[in-house]
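K.L.:
Listed in order, the protein sequences are those of chains A and B.
Residue 228 in our numbering sits at position 228 of the first sequence; the count goes up by one each step and never skips.
So the mapping is simple: our numbering equals the position in the second sequence, first residue as 1, plus 449.
Since the hints were derived computationally from the structure, they do not count as laboratory data.
Each residue gets a CB set at the ideal place from its N, CA and C atoms; glycine is no exception.
To be clear about the criterion: a stretch of chain A counts as covered by chain B if any three or more of its residues have a C-beta under 8 Å from a C-beta of chain B, and this derived list gives those stretches:
(1) 395 to 402
(2) 405 to 417
List of simulated lysine to aspartate or glutamate pairs, DMTMM-like, C-alpha gap at most 20 Å:
(3) B:Lys601 x A:Asp392
(4) A:Lys289 x A:Glu374
(5) B:Lys601 x A:Glu393
Chain by chain, the residues:
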Amino acid sequence: MSTIVDFPVKAEARPYLEAFGRGSFLRDRQEPDWLAGYRKASLARFAELGFPSRRGEAWRYIDLRPLEKRPMLPVRTTDQAAISATVRDQLAEIGLAGPTCRFVLVDGRFAPELSTFERLPEGVWLGSTAAAIAERPDLIRSNLETPPPDPARAFTALNAALFADGFVLEIAPGVAFERPLEIVHLASGTVEASLHTRSLVVSGEDSRAAVIESFIGAGGYWRNDVVELRLAPSAELARAVLVEEAAAALHFGEMLATLGAASRLASFALLLGGRTVRHDITVRSEGEKSRCDLGGAFLLSGRQEANILTTVDHGAPGGETRENFKGVATERAHGAFQGRITVRPGAQKVDAHQLSRNLVLGPRAAIDTKPELEIYADDVKCSHGAAVGDLDEAALFYLRARGIPNGEARRMLIEAFVQEAAELVEPAPIREHLLSRIARRLASLEEQE
Amino acid sequence: MLEITNLHARLTDGREILRGIDLSVGAGEVHAIMGPNGSGKSTLAAVLAGRDGYEVCEGTVSYLCRDLLAMEPDERAREGLFLAFQYPVEIPGVNNMYFLRTAINAQRRHRGEPELDAGQFLRVVRAKLKQLDLGEDLLQRAVNVGFSGGEKKRNEIFQMAMLEPRLAILDETDSGLDIDALKIVARGVNQQRSPDRAIVLITHYQRLLNYVEPDRVHVLQGGRIVQSGDKSLALELERRGYGDIEAAA
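Please build the complete structure, drawing on both the sequences and the hints.
P.N.:
Structure (structure tokens):
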């Protein structure tokens, strides 16, 4: 592909087109023709869309100017030297304690030497996206070629064009994979670049699994991660996300889930680190009586910004949604929660509740919260609640009246506030890990004071 | 131990609630402060503990020969001042044991003593519970969350026993309690009596004083102490009501 193109191109998209065109992106990858075609079509869509505008609702809380000024092109090769002491330290820092089933990516590519997932039970397939393209086209091709629910998402299109790797997990029907599966995304800090990862989880009928995905790194980079979850009827899947990216990093995470009848999805996101973190969830309830629990929290300081977006689309009757999100912003940080629940015509007896509670600590910190219900069925139970405030003065005084110093008392109250959101996370090892990361983040806030 | 001299305090909206309190409480003494609603009893407790929303416009409070009003609320507590709240605050998500251990260790650090680890702390807790004849049921719950009125007051008494204050101020700890809960509170107070500790009981009713015998009784009215006496004053109040005292003052 040459740099001469026959479709309209937005200025900010041009460097990415050139990177794609420059010699070898496709040739080096030696991918099948269907995938090359898919990438080209996705790139054309991105070129046409350009970067999302802040005037649109979906990106109004994220400052993309640094990215517009200085493009962050994709990492071109896997640098083995990058699997250095730095990434091993990152892994030791963020990894679950004890033996786990662990899949590690460094700079967006599978790192087998850091991964430990031998002896998977029968009916569980786990591999890199690159491996899946070669070995399991049955799993991945139809998935990639299904048009995305919202084709106007520019960075999803860019991800489709440029993704280097990711993971693919398939749980066969009836299989319960009880060990928590840990996916760790590291960034070596050796390149200032964009990391595009694309992953897929296919949960078979009546299957059960739990995944935690952790993101950590060094240096300045832009992570653009897209994960698709497909839950067959009666499947159960839990996905926790822990974002502790480097202080200068951008993290855009997107999760697209499709729920079959009577399936259950539990998703939790804990956003602690990164300059700009965006966590965008779309859930489509396509089968009757599906249930989805979405939870999460962000804890921000300095000039961090974080944005949680949820879109739950009930297209089938009897579905249940529970959302519980918490936010804490200190110093000059800015957080935002945007939650939309749609109930389509005919999706009767849907029961959906959304809650967004936030603490703004300091005159220069801010949190926006924006619930949105769109209901086109008449027999439904839907509600939402949102609150933004300061710590409870009466509780603070009570703690201080027992001798607990002001700073420690405040930390106790913030910790209790954030932890409440994580208390329902299953299974226990993932929950305990998240709770300990919250405590650690709060301790680091205290040190800064 | 506690010397209050000509204490005037007002709410931040400007209303003057305390209008010249003089009170001296010595180590080993139990004082009861009685008075009708709105006389300033709870304001006095709040000002001594350092709650926001009050402004001291005149007078001094000396505690263990230090200027109490210059200290932050948490420092007052670490220096041995304890306020049993009239309305203990519910704190969701903060475990009662964790809360209490943090408080004890803050105090120990302040005194230059080593902190208690979880095991040592638990041993102290068990001993105190036994002493007060309390169950362990409240310990694993969040601080005061979902506690009945009686449980909240028991929790206050338990905290007092754990923190072993030099000066304990109990703000209407007896109000709203049935007779069994009242006896538990009274037992807690009596056990805390010691030659180096002072206790101030703020109460509307004489009832608690049937179980805890005060050394001095004061009547607070219109923001001032209008009468002081020994325990017989409480009985007189019970018989004659506050109206009579008001007329006499």
